[in-house]
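2 protein chains.
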Amino acid sequence: MNIGEAAALSGVAPKNIRYYESIGLIGPAKRAANGYRAYDETDVRLLGFVNRARSLGFSVNDVGGLLSLYQDHGRASGDVKKLALEHIEDIDRKVAELQSMRRTLKDLTDRCHGDDRPDCPILDDLAAGPDDRPDTVQAAE
Amino acid sequence: MNIGEAAALSGVAPKNIRYYESIGLIGPAKRAANGYRAYDETDVRLLGFVNRARSLGFSVNDVGGLLSLYQDHGRASGDVKKLALEHIEDIDRKVAELQSMRRTLKDLTDRCHGDDRPDCPILDDLAAGPDDRPDTVQAAE
DNA sequence: CTTGACGTTACAGTAACTGGAAGGCCTATA
DNA sequence: TATAGGCCTTCCAGTTACTGTAACGTCAAG
Chain A
1 MNIGEAAALS GVAPKNIRYY ESIGLIGPAK RAANGYRAYD ETDVRLLGFV
51 NRARSLGFSV NDVGGLLSLY QDHGRASGDV KKLALEHIED IDRKVAELQS
101 MRRTLKDLTD RCHGDDRPDC PILDDLAAGP DDRPDTVQAA E
Chain B
1001 MNIGEAAALS GVAPKNIRYY ESIGLIGPAK RAANGYRAYD ETDVRLLGFV
1051 NRARSLGFSV NDVGGLLSLY QDHGRASGDV KKLALEHIED IDRKVAELQS
1101 MRRTLKDLTD RCHGDDRPDC PILDDLAAGP DDRPDTVQAA E
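As given, the protein sequences belong to chains A and B, one line each in that order.
Residues in the first sequence are numbered consecutively from 1, following our numbering.
Residues in the second sequence are numbered consecutively from 1001, following our numbering.
Hints in this document: simulated from the structure, not taken from any laboratory.
Heads up, the beta-carbon is just placed ideally off N, CA and C, and yes, glycines get one too.
Mixed in with the good hints, there may be bad ones.
[To be verified] Computed cross-link-like contacts, DSSO-like style, restricted to lysine-lysine with a CA-CA straight-line distance of at most 30 Å:
{"#": "1", "chain 1": "A", "residue 1": "K94", "chain 2": "A", "residue 2": "K15"}
{"#": "2", "chain 1": "A", "residue 1": "K82", "chain 2": "B", "residue 2": "K1106"}
{"#": "3", "chain 1": "A", "residue 1": "K94", "chain 2": "B", "residue 2": "K1015"}
{"#": "4", "chain 1": "B", "residue 1": "K1094", "chain 2": "A", "residue 2": "K94"}
[Stated by the list, open to error] Far from chain B, by Cβ distances over 12 Å, these chain A residues were calculated:
{"#": "5", "residue": "I3"}
{"#": "6", "residue": "Y20"}
{"#": "7", "residue": "A29"}
{"#": "8", "residue": "V60"}
{"#": "9", "residue": "I91"}
[To be verified] To be clear about the criterion: a stretch of chain B counts as covered by chain A if any three or more of its residues have a C-beta under 8 Å from a C-beta of chain A, and this derived list gives those stretches:
{"#": "10", "stretch": "1017-1025"}
{"#": "11", "stretch": "1030-1041"}
{"#": "12", "stretch": "1048-1054"}
{"#": "13", "stretch": "1071-1080"}
{"#": "14", "stretch": "1108-1121"}
The task is simple: from the sequences and hints, build the whole structure.
Take a look at the structure:
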């Protein structure tokens, strides 16, 4: 099958399939007589693997590691689990950071009346930094 | 003061100050006789503003918008609040996405014994997709 | 007078694509 | 048979927000 069909079946856009090939994440595709890339079900399965791993937030680099483990039938499941657990920790760090930003922004927007008047505690805080407003309620969680 | 001191006071690295200047986020700095960039307290305050906005996750583009509002004394606080609220929604979307990834990964790692044996439900799932394992428990929240 | 810290510019590289140009191939229809 | 369209090819540029490096100028201290 051509790249378009492989893309539709695997969920990876043609452009990205070529990109993954160009960076060596997946091997070079076989070619039909006309020079078009030719894929079979095995290739589609592999592309689907890449797609699912990427959508779980694994970096392209990580996916490379997962692919070698996937293709190595003697691999230890502990290696895979380790990668996945590290990735969970990454996610937890990102979530914590985002939630911290969110708390600050929520606090700021709650204190901003948000009408036509120019007074705006959001800008005031950004200009001065929270340290310059010691009267602010720093609610504990 | 030189760029190094302005950097230390504002929390923005010298390299990033030059970068922000190069993309026009901040205006070109005055120059001392020797060609060095020269900053005063007003500049430092502005850099600090940029720094705090960036650390709250506003894009450089957003910061540009906030800066114009900051420097426009007739602006409406509603404009600022709108930007901030949109940003909170962005954050909420990102957190939801990350938490969805985390749930899937946690489910996978819980089912992976993670020892020297090659069997690994993580790789199996990535290879086949969750749809091919209809016996999996899809816990409600 | 040299050393080291600091400053300057300019260019390349990062992650992971995305868009676009310019052209080749394939099939169907008028 | 001509042509229209849709898919395929390669290659290059742009995106975001920096970061690294090179090659150079300047300044203060010992």
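Has the stretch 1108-1121 of chain B got at least three residues whose CB is nearer than 8 Å to a CB belonging to chain A? The restraint on the stretch 1108-1121 of chain B holds, since 11 of its residues have a Cβ under 8 Å from chain A and three suffice.
Three-residue Cβ test at 8 Å for the coverage of the stretch 1017-1025 of chain B by chain A: This one is violated; 0 residues, fewer than the three required, reach chain A with a Cβ under 8 Å.
30 Å Cα cutoff - pair K94(A), K1015(B): Given pair K94(A), K1015(B) holds - Cα atoms ~25 Å apart, limit 30 Å.
Does the claim that Y20(A) lies outside the interface with chain B hold up, using a Cβ gap greater than 12 Å? The claim stands: Y20(A) keeps its Cβ more than 12 Å from every Cβ of chain B (closest is about 15 Å).
Would you check the hint for K94(A) and K15(A), treating anything up to 30 Å between C-alpha atoms as holding? Between K94(A) and K15(A) the Cα gap is close to 29 Å, so the pair holds against 30 Å.
Apply the coverage criterion to the stretch 1030-1041 of chain B and chain A: a residue qualifies when its Cβ sits closer than 8 Å to a Cβ of the chain, and three qualifying residues are needed. violated (count 0)
Reported absence of I3(A) from the contact zone with chain B (all CB gaps over 12 Å): Answer for I3(A): holds, closest chain B Cβ roughly 20 Å.
Are all C-beta atoms of chain B more than 12 Å from that of V60(A)? holds, 14 Å
Coverage criterion applied to the stretch 1071-1080 of chain B (partner chain A; beta-carbon cut 8 Å; 3 residues): Holds: 7 residues of the stretch 1071-1080 of chain B have a Cβ under 8 Å from chain A.
Coverage of the stretch 1048-1054 of chain B by chain A, judged on three or more residues with CB within 8 Å: holds (count 4)
Test the statement that A29(A) is away from the interface with chain B: the closest C-beta pair must be farther apart than 12 Å. holds, 19 Å
Restraint status (C-alpha distance of K1094(B) to K94(A) at most 30 Å): holds, 9 Å
Violated hints, listed in ascending order, are 9, 10 and 11; each of the other numbered hints is respected by the structure.
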